[in-house]
Structure formats: structure tokens, C-alpha cells
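4 protein chains.
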Amino acid sequence: MKNKKLRDVQSEPDHRNIPINKVGVKDISYPVVVLDRAEGRQHTVARVNMYVNLPHHFRGTHMSRFIEILNKYRDGISTLNIRDILDEMKKQLDSETAHFEIEFPYFITKEAPVSKEKAKMEYTCTLVANSNEDYYTLEVRVPVLSLCPCSKEISRYGGHNQRSFLSVRIKARDKIWIENLIEVAEKSASSDIYSILKREDEKYITEKSYENPLFVEDMVRNASEKLMKMEGVLWFSVESENMESIHNHSAYAQIEMDLRDKR
Amino acid sequence: MKNKKLRDVQSEPDHRNIPINKVGVKDISYPVVVLDRAEGRQHTVARVNMYVNLPHHFRGTHMSRFIEILNKYRDGISTLNIRDILDEMKKQLDSETAHFEIEFPYFITKEAPVSKEKAKMEYTCTLVANSNEDYYTLEVRVPVLSLCPCSKEISRYGGHNQRSFLSVRIKARDKIWIENLIEVAEKSASSDIYSILKREDEKYITEKSYENPLFVEDMVRNASEKLMKMEGVLWFSVESENMESIHNHSAYAQIEMDLRDKR
Amino acid sequence: MKNKKLRDVQSEPDHRNIPINKVGVKDISYPVVVLDRAEGRQHTVARVNMYVNLPHHFRGTHMSRFIEILNKYRDGISTLNIRDILDEMKKQLDSETAHFEIEFPYFITKEAPVSKEKAKMEYTCTLVANSNEDYYTLEVRVPVLSLCPCSKEISRYGGHNQRSFLSVRIKARDKIWIENLIEVAEKSASSDIYSILKREDEKYITEKSYENPLFVEDMVRNASEKLMKMEGVLWFSVESENMESIHNHSAYAQIEMDLRDKR
Amino acid sequence: MKNKKLRDVQSEPDHRNIPINKVGVKDISYPVVVLDRAEGRQHTVARVNMYVNLPHHFRGTHMSRFIEILNKYRDGISTLNIRDILDEMKKQLDSETAHFEIEFPYFITKEAPVSKEKAKMEYTCTLVANSNEDYYTLEVRVPVLSLCPCSKEISRYGGHNQRSFLSVRIKARDKIWIENLIEVAEKSASSDIYSILKREDEKYITEKSYENPLFVEDMVRNASEKLMKMEGVLWFSVESENMESIHNHSAYAQIEMDLRDKR
Numbered sequence: 001m002k003n004k005k006l007r008d009v010q011s012e013p014d015h016r017n018i019p020i021n022k023v024g025v026k027d028i029s030y031p032v033v034v035l036d037r038a039e040g041r042q043h044t045v046a047r048v049n050m051y052v053n054l055p056h057h058f059r060g061t062h063m064s065r066f067i068e069i070l071n072k073y074r075d076g077i078s079t080l081n082i083r084d085i086l087d088e089m090k091k092q093l094d095s096e097t098a099h100f101e102i103e104f105p106y107f108i109t110k111e112a113p114v115s116k117e118k119a120k121m122e123y124t125c126t127l128v129a130n131s132n133e134d135y136y137t138l139e140v141r142v143p144v145l146s147l148c149p150c151s152k153e154i155s156r157y158g159g160h161n162q163r164s165f166l167s168v169r170i171k172a173r174d175k176i177w178i179e180n181l182i183e184v185a186e187k188s189a190s191s192d193i194y195s196i197l198k199r200e201d202e203k204y205i206t207e208k209s210y211e212n213p214l215f216v217e218d219m220v221r222n223a224s225e226k227l228m229k230m231e232g233v234l235w236f237s238v239e240s241e242n243m244e245s246i247h248n249h250s251a252y253a254q255i256e257m258d259l260r261d262k263r
Numbered sequence: 001m002k003n004k005k006l007r008d009v010q011s012e013p014d015h016r017n018i019p020i021n022k023v024g025v026k027d028i029s030y031p032v033v034v035l036d037r038a039e040g041r042q043h044t045v046a047r048v049n050m051y052v053n054l055p056h057h058f059r060g061t062h063m064s065r066f067i068e069i070l071n072k073y074r075d076g077i078s079t080l081n082i083r084d085i086l087d088e089m090k091k092q093l094d095s096e097t098a099h100f101e102i103e104f105p106y107f108i109t110k111e112a113p114v115s116k117e118k119a120k121m122e123y124t125c126t127l128v129a130n131s132n133e134d135y136y137t138l139e140v141r142v143p144v145l146s147l148c149p150c151s152k153e154i155s156r157y158g159g160h161n162q163r164s165f166l167s168v169r170i171k172a173r174d175k176i177w178i179e180n181l182i183e184v185a186e187k188s189a190s191s192d193i194y195s196i197l198k199r200e201d202e203k204y205i206t207e208k209s210y211e212n213p214l215f216v217e218d219m220v221r222n223a224s225e226k227l228m229k230m231e232g233v234l235w236f237s238v239e240s241e242n243m244e245s246i247h248n249h250s251a252y253a254q255i256e257m258d259l260r261d262k263r
Numbered sequence: 001m002k003n004k005k006l007r008d009v010q011s012e013p014d015h016r017n018i019p020i021n022k023v024g025v026k027d028i029s030y031p032v033v034v035l036d037r038a039e040g041r042q043h044t045v046a047r048v049n050m051y052v053n054l055p056h057h058f059r060g061t062h063m064s065r066f067i068e069i070l071n072k073y074r075d076g077i078s079t080l081n082i083r084d085i086l087d088e089m090k091k092q093l094d095s096e097t098a099h100f101e102i103e104f105p106y107f108i109t110k111e112a113p114v115s116k117e118k119a120k121m122e123y124t125c126t127l128v129a130n131s132n133e134d135y136y137t138l139e140v141r142v143p144v145l146s147l148c149p150c151s152k153e154i155s156r157y158g159g160h161n162q163r164s165f166l167s168v169r170i171k172a173r174d175k176i177w178i179e180n181l182i183e184v185a186e187k188s189a190s191s192d193i194y195s196i197l198k199r200e201d202e203k204y205i206t207e208k209s210y211e212n213p214l215f216v217e218d219m220v221r222n223a224s225e226k227l228m229k230m231e232g233v234l235w236f237s238v239e240s241e242n243m244e245s246i247h248n249h250s251a252y253a254q255i256e257m258d259l260r261d262k263r
Numbered sequence: 001m002k003n004k005k006l007r008d009v010q011s012e013p014d015h016r017n018i019p020i021n022k023v024g025v026k027d028i029s030y031p032v033v034v035l036d037r038a039e040g041r042q043h044t045v046a047r048v049n050m051y052v053n054l055p056h057h058f059r060g061t062h063m064s065r066f067i068e069i070l071n072k073y074r075d076g077i078s079t080l081n082i083r084d085i086l087d088e089m090k091k092q093l094d095s096e097t098a099h100f101e102i103e104f105p106y107f108i109t110k111e112a113p114v115s116k117e118k119a120k121m122e123y124t125c126t127l128v129a130n131s132n133e134d135y136y137t138l139e140v141r142v143p144v145l146s147l148c149p150c151s152k153e154i155s156r157y158g159g160h161n162q163r164s165f166l167s168v169r170i171k172a173r174d175k176i177w178i179e180n181l182i183e184v185a186e187k188s189a190s191s192d193i194y195s196i197l198k199r200e201d202e203k204y205i206t207e208k209s210y211e212n213p214l215f216v217e218d219m220v221r222n223a224s225e226k227l228m229k230m231e232g233v234l235w236f237s238v239e240s241e242n243m244e245s246i247h248n249h250s251a252y253a254q255i256e257m258d259l260r261d262k263r
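Line order of the protein sequences matches chains V, A, L and B.
Each residue of the first sequence is one higher than the one before, counting from 1 in the working numbering.
Each residue of the second sequence is one higher than the one before, counting from 1 in the working numbering.
Each residue of the third sequence is one higher than the one before, counting from 1 in the working numbering.
Each residue of the fourth sequence is one higher than the one before, counting from 1 in the working numbering.
Here chain V stands alone, though its shape is the one from the complex:
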């Protein structure tokens, strides 16, 4: 048998006496299916990192097994079965701990506010889980519109506004829908934004955002207020990056809060 002849260098002992925190595969692009609240399932393309620990006495891990596991689970990855993936990793790689990270574009059919025209809107999701922790971490990066209160206040007319990315990251144990986090972000901005807008929608959004001017600081505070009340959230971090229309850099704000202390 051919494998008999091939020395398994990775399984040989290592004498440097240094355990490795994480070893595995990084930045593999893979087609996956994720849960979709409206339509059940959604096809997307993910970027995946999968790591295990390596005790000090082993020299190397077996990289191909990570891909076998990814391939096995690719038809349905969610917060519901992520612990099964971690368990499978620990078993197949014979490790004490396992770490799984997946980032993917997630699309929702979104209706324009007045014309009701529909198109797909993209949100960037990241799901992370570690077998050492009894929760998962879910982040959604949501593009929104922010209009500057200072600019509106001091100017005779207008108010500078821009695309912002409001990112909501939570730790939770029970199922929380991606859609719920998107809603938190979109309701915390001067206006949410759309893939398709007719003239009457453009009028609506322009006026809505002018009536609702918000600093980068206001948006993260607004989102925090909502997350503090959301059931199942153990911890959260909210950050907003405003791609300022009057500068070539971003305005940024971040709030982080551990709710386990407060409940």
C-alpha cells in the first residue's frame, strides 16, 4: 500500500516544548449555503479560516482534514450547527480546541421605501466560534447613510452626508438572525440605503436623512441602546466608519459592552 511507504512527518515528536495556539488553513474561498430567514437557504461564497491547537509534543497537523470537514458541512453552515463543526474538527484533528471563522456576503431582497421596487442588498457577515467558549460571535457590516448634524446646523442649507459602514458584533448562545442585527444598524443611521431607488424614493431618503442628522458617535450610541435590550445578547461591539464626503479619510466610533455583568 502506497501510504505505508510515505513517512508521516507531521506526526513525529517535537522537542522544542512549545504548544501552538492555532494551526490550520486560512483564506480558503468556498461556495456554501447559509440559513436565510425569508427564503430558508441562501447560496453564497465564503472565505474560511479553520484552526486547531497543537500540543507541544506533535510537530505538525494534517491540513487536508480541514478541507474534508469544510466540504462536508458546506451545504448548510449556521449558528445552529457551528458547534458540530467544532466537534468534528476536534475529533478529526485529534485536538483539544477548535476555531472556525467564516465571512460571506449575505443578500436580502429589499423594497424601496416609496416605489416598492425590489432588488438584492448586500451585507457582509462574519461568524466565529471557538470550542473554548460557550458562545458564538456574529458580526454584520451594514452600509447606511449618515448626515452631519454640525454641518446642517451651521450651514444656510444642505448638510454633508456619506456612506457609512455600521458594524454590529455580538456574542450569543441562542439563535439570533442576521436580519435582526441588520435591523439594529439600519434603524440607528440617518437613513438606510438601497440597491434600487426611483426618483420618489430618492426624495424620501434625502428628506429623511436631513430630518435625522447623526454624528458617528450618535449612530453607535443608537445601536448600543437597541442591543442592550436585545434578548440573548451576552456582549456586543458596535463600530461605525463614516467615509466622509468632505475628507479623504473616515470618522470612526466604537462602543463595546459586556452585558453578562449587568443581567
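It is worth saying that the hints were derived from the structure and are not from the lab.
This structure is a prediction, so every number in the text was calculated from the model and none was measured.
The reader is advised that the hints may include incorrect statements.
As the list claims (entries may be wrong) - If you want the ones that stay clear, here's a sample from chain V, every Cβ over 10 angstroms from chain L, calculated:
1. D14
2. H62
3. E88
4. K90
5. V128
As the list claims (entries may be wrong) - Once the Cα atoms are required to be at most 25 angstroms apart in a straight line, the calculated DSS-like pairs of lysine-lysine come out as:
6. K72/B to K110/L
7. K116/B to K91/L
8. K91/V to K118/A
9. K91/B to K120/L
10. K198/V to K72/A
11. K91/V to K116/A
12. K90/L to K120/B
13. K198/L to K91/B
14. K91/L to K118/B
15. K91/B to K118/L
16. K116/V to K91/A
17. K90/V to K118/A
18. K198/A to K72/V
19. K72/L to K90/B
20. K72/L to K198/B
21. K118/B to K90/L
22. K208/V to K198/V
23. K120/B to K72/L
24. K118/L to K90/B
25. K72/A to K110/V
26. K90/L to K198/B
27. K198/V to K91/A
28. K116/L to K91/B
29. K116/B to K72/L
30. K118/A to K72/V
31. K116/B to K120/L
32. K208/L to K208/V
33. K116/L to K72/B
Glycine included, each C-beta is placed from N, C-alpha and C at the ideal position.
With chain V held as given, fit chains A, L and B onto it using these hints.
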């Protein structure tokens, strides 16, 4: 009626007397379905640019119509119907010319050479068409392995090798499968590469590439020889970018050939 | 002598009879000095591509010589000496043609419009030259502000606005300052933008852009009008990419014009 | 006086009672001068993030002051004066805490191992400091070469190798040269790599790496052994990302160690 009241600023005349070559939407990320030789259809996530020309007497175009067209065709985009998309763009935008560009990751289930283990392998495809031209342009970017002939020749053992990206771009009128272009690239390198490899596969690829050392120049020449004979190819460009393992920059070569002159 | 013993595989003949259009080094990051209208010289960090052609009878080129030439000229690269670099490439690589591309961030000390506070503003420049052509190509990518005329017209108040990138590319033989192209772009937008702004400046820019609403189409037409009159410009392309505040994609327009036909 | 009339919206009270962890400017690109062990000073282009905290009773911060501070210190930023920058931020922004992050390409003139030809080699550095902590964090990302021990062992000849990025991150209080961390990384790999190599150098590196095969796990262990002995290091993290030549994804390993517990 609300639309009656909203002035259509875009449709107003422009007096600068300068026609616009391309106007439209850029960098929209959208879920699409593309043709797949093995499985019929494949879900992926694309980045799309859609432009039309604008005669000198109009001030602006209507951006929302591009998204309506993209949404209409998203369930099946291919070299077969790309001219229908261009026609629809010309009609809906009332333009003389239309231009469509779509880039997406494309996955093929690929078998390891010895163990026959299967996993998905990613290739980056770009399809471009313009109503002024009677052909489409298709590019596939293929990751491969290159081993340096000079390094092998002058060294007592070993030979530096690296991941390379061999990109094949063609102009054609009739259907050419993405898979055919991938095959050209993979057969032009020191070895093709895989998402999953067991030890016996790793041995096979290491030895194969050592037996088949190729410069960046050799790889583009190999691919050119194949493309010169491929039916339906009107023009091609082949480029290879070797992410040198001995440097922090790439070695690069490119060949471009118009076969319409030669046939 | 050690070199005697090392076979020069690259210089050996090749029998496939296919000449190579471009071969060389790509994506090398290098510290360089460029000309600066205000201060004489400016230190920056560039990304460089250098290629030559390779006749069909040679198998490979000598990659190290490109780096020697880059290192020799790094203390002063400009439109003034770029033809010397091409000549040196042709000579050292023994080639018929040479191609040089350099991209770098370029900084100008810019004064805020009212407070006159000063800070460095970044522009992205690309300079390309090919020994087959009797001109160089210079591009500057300029961040600006655009305010939508349609949104302003149809809304009771406000008008959506955003950061846009207005890129001006020209072909010329004689010296044209980067600063002149930046000026074309900044004067073609709803407002130029700044690294530092006090409240009185923010008021000024908010009002100025509201008074000067422009579509993506208007901005490229404005820039074209200026370039058509600029001395020494043989050809130009202007494109604008508006990072729409109401969408998660860009609005785009491009105009290209060959002035050699018209002069 | 014009400022009298402009309401300072940012300084107004906020009633949501939520303090903000970080608020400021992000991703500003700026020309800076950093310390250089060999040449005293080095010009480069940095990407900078600057944040302060915001107590719950203030609505917003004053973004222009961050740029004033960056502009003031840009002629010399180092681990030596980073605490001065933090102090200035706290003072000018009237905050309790300050956070400063700067990333820049750093170049060293490096001699080829045999020919002794010289060229600039790029390393990516990140320096982070927070006024809440009595140390700074310095990271250097070093491109190196790794050759796979398994591939070498099981194959009749050759061994797959690739460009890897070995990143060394430390926390320290006293001055540690960037050059020292680069040395740790370069000595932990199968071979270091170069911008310029003549044939005799290529032979040297090919043979050296073949004689010194290392897994991604070996490289982070090698670097850890060196960092455990380096004076002044309070904590370190080492990670390696091998851009596998046989795959289109990376192999990855990471070790993190707090030496404050052990000393």
C-alpha cells in the same frame, strides 16, 4: 400623482456638446447564477459594471434601470445571453451602445491526482461584452504551480517554486466553456494545484513539478500554443504572475495575439 | 569564477517561435523620490512594474537587472527622465522595447478654505511610458465631493452627496505638472475636499457644494472642457466614480478624447 | 467673529448615558518620518488611526484636532515619542484615554548572500499605543521562504516551497528596533528572501532552503524560542501565513505568549 411633481433633471438638455463614452453603475455586488459544464447551473456572487453611452444633448442617465436589468437576468448569465442583456440595456436606457462586465468566483469539483479525494477549487472569471463589438471577452485567472528551471539547473538539489496566476483571456463569438480555458492554463504550468491533497498527492505534485520546470515565459508560451489551435478563438492574451518564493515581488510575462489576421 | 559554472538557462534558445510582448517584474514596492512643484522633491513609496519584450529565439530574461535599474533611478523619477529609464532598460536587457509603470501616493500641503489651516492631502498618481510610443501617460486620482442635482431639485431640503474619485489621465510629450491635473479635477466637482477642516470651513464646503450640484456626468464633462484647452495634452480620459451615499455601489462616467485629431 | 455664530454641536450634552470607547479618525494616509537604525531617519507613507474615549455626557469629539496632532508629529514618529503623542491627544481632545495606530512600509538596504548586490527590501510595520497601557505594541510582517519537510521527505526529489509572511508582534516598554524583529523572523524560516538576486545567490537560497525544510508550525516555534529570550519583550504573538504553492489557500500557525508571568 407623485411622479408628476418630480422634475426629471437627468432628461434635460445639456449644452456643453460633449458626448459621454460610458455612464452607469460600477462595483455592484450581486448574487447570480452562471452556466456550469458539469452541473448545469452554479450559484455565485458577482461584481458587476454596466454602462451605456450618453449623447451630447442629454444631461444624465437613469441609474435605477441598470439594476432592474441586472435583477431580471441574475438567474442565468452566460456567453449565450449576454447580447440579450446588451440589447435590453440599449432599449431601457435609450442608448446607442451598451457595455456589460461581470466578474465572479467559479468553482469546479476537482479530484486529487492519486487519492482521488474531491473538493471545490476556485477560479476567477470575467466576462465583458460591448454592443459595438461582435464578440465577447472571457478571462479566467487560474492558480497554478511554477518551478524555476534556472534554480533547478544550477542548484545541487531542489528548485524554488511558487503559486502563480496564469490568466487566459479570449475574444470569441461562439460558446467557449470556462472549463476549456482552465484546462489550457493548468496544462501550461509545472503542475496544476488543488484544494485538497493527501500525502500521496503531495508526492505526485512535488515530483511532477520538479520534472517539469518552467519559467514565467515558458508558461505563457505553452498556453499560447494551445490557444492558437483552439477553435473559435479570435484573439487572446495570456499573462502569468509568479508570486516568487525568493522575492517579495512577482515575475510577469504576457503574450497577446490576434488570430483574425492569421486565419 | 563562480558564474562560469552556473549555466545561463535564460539565454538559451527557444524553439516554439513565439515572441513575448512583456516580461519583467511586477508589484515591487520601492521608496522613491519624485518631483514636487512646491518643494522641489518629495519622498514617497511606489509600486512599480517593469517589462521588456523578448524575441522568439530567447528563452528568458534576466530579472535582477530590472531591480538594478530601479535602484539606480529611485532618487528622482519624473516625466523628465522616464525616457532615460526606458533606454537603460533596453540596453541592460538587450531588448527592442521597454515598458515602465509606477504608481505612488503624492501629497500636497493644502490650506482649508476659510481657516487657512494646513495639512497634507493625498492624491494617487500613475506614470506609464513605453519605448514604442513618443509620449508618456500620467494619471491622477483625485478625491472630491459631488452633490446630486436631482436629489436637491426634488427634495424639500438637503441633497445627497458623497466622496467621489475623479481620475484624469493624459498622454503628453512635454512636462505637465501633477498639480495641474489635480486642479482640473478639483475645479470640476461640487467641491474639493481637505484633510483638515474647522467649523467655518465645513460651513463653507457644505454651502458651496449645495450651490454647485453636479451629476457624475457633469463632472467628467467639466473636466473634459478644461483638458480640451490644456496645452500639451495629446489625448485624455476622465472618469468619475461616485461612492453613492444612498447606494452601496458607485455611479460612474467616463469620457475619452484624442486631441491629435482636432489640433 | 465668524466662529461666534457657529454653534458647537459636538460640545453639547448627550442624554443617552452611554460612554464611547473610541472615537476619532481612521485610515488617513500621511507622509511620515520614522527612525532607521542604519540611516537615522526614513521617509515613508503611513496609514494612521487616532482615537480617544468620549465620556457619556458629551455628544461628539473634534475631528480636526487629530489631524493637527498628526501633522505636528509627522517628522518623527517612533516608539520613543509615542507616549508624547498620546499625551497631546488627551490634552487637545480633553479625554481620559488616547489610542494611536500607525502602519507603514519600512525599507532596509539588504545585501544578496553571495554576490553582495544591494537593493531595498520592504517590511510592513505596525505600531500601536494606548494611554491605558504602560507598553506599546510593535508588529513587523516579514516575507520569507518556507520549504515543506513532508514534501521533501516523501518525494524522490524537490520539495514544494513558497512565499510566507511571518509576523512578529511584541509588547514592550523600552526601545526595540524594528530590525531586531525582522532578524527574528528571517532566522526562523527556511530562508530569508531578497529584492535582488544574481544566479549565484539563487543557487545559494535554493540549496539553503532545501537543507532547512520547515513546516508553518516549525517557523512559529523557531521565532518563539528567539522571542522568549529577547530582552524587553513582555508579550509576543508570532504568526505565519504560508501562501502554499500546491494550494490556492494558506497554511497558518500562531503562538501567543505572555512573558510577564514567567519572568
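Results for each hint:
1. D14: holds, 35 angstroms
2. H62: Holds: least Cβ distance 33 angstroms, greater than 10 angstroms.
3. E88: holds, 35 angstroms
4. K90: holds, 38 angstroms
5. V128: The claim stands: V128/V keeps its Cβ more than 10 angstroms from every Cβ of chain L (closest is about 24 angstroms).
6. K72/B to K110/L: holds, 15 angstroms
7. K116/B to K91/L: Status holds; Cα separation ~23 angstroms.
8. K91/V to K118/A: OK: K91/V and K118/A at ~21 angstroms, within 25 angstroms.
9. K91/B to K120/L: With a Cα-Cα distance of about 23 angstroms, the restraint between K91/B and K120/L holds, given a limit of 25 angstroms.
10. K198/V to K72/A: holds, 17 angstroms
11. K91/V to K116/A: Distance ~23 angstroms between K91/V and K116/A Cα, so the pair holds.
12. K90/L to K120/B: holds, 23 angstroms
13. K198/L to K91/B: Holds - the C-alpha atoms of K91/B and K198/L are around 18 angstroms apart, at most 25 angstroms.
14. K91/L to K118/B: holds, 21 angstroms
15. K91/B to K118/L: holds, 21 angstroms
16. K116/V to K91/A: holds, 23 angstroms
17. K90/V to K118/A: Roughly 22 angstroms between the alpha carbons, so the hint for K90/V and K118/A holds.
18. K198/A to K72/V: Within the cut-off at roughly 17 angstroms; holds.
19. K72/L to K90/B: violated, 45 angstroms
20. K72/L to K198/B: holds, 17 angstroms
21. K118/B to K90/L: Holds, because 22 angstroms separates the two Cα atoms, which is no more than 25 angstroms.
22. K208/V to K198/V: holds, 15 angstroms
23. K120/B to K72/L: Within the cut-off at roughly 11 angstroms; holds.
24. K118/L to K90/B: holds, 22 angstroms
25. K72/A to K110/V: holds, 15 angstroms
26. K90/L to K198/B: Roughly 19 angstroms separates the two Cα atoms, so the pair holds.
27. K198/V to K91/A: This hinted pair holds, its Cα atoms lying about 18 angstroms apart.
28. K116/L to K91/B: holds, 23 angstroms
29. K116/B to K72/L: Roughly 16 angstroms between the alpha carbons, so the hint for K116/B and K72/L holds.
30. K118/A to K72/V: holds, 11 angstroms
31. K116/B to K120/L: Distance ~38 angstroms between K116/B and K120/L Cα, so the pair is violated.
32. K208/L to K208/V: holds, 22 angstroms
33. K116/L to K72/B: holds, 16 angstroms
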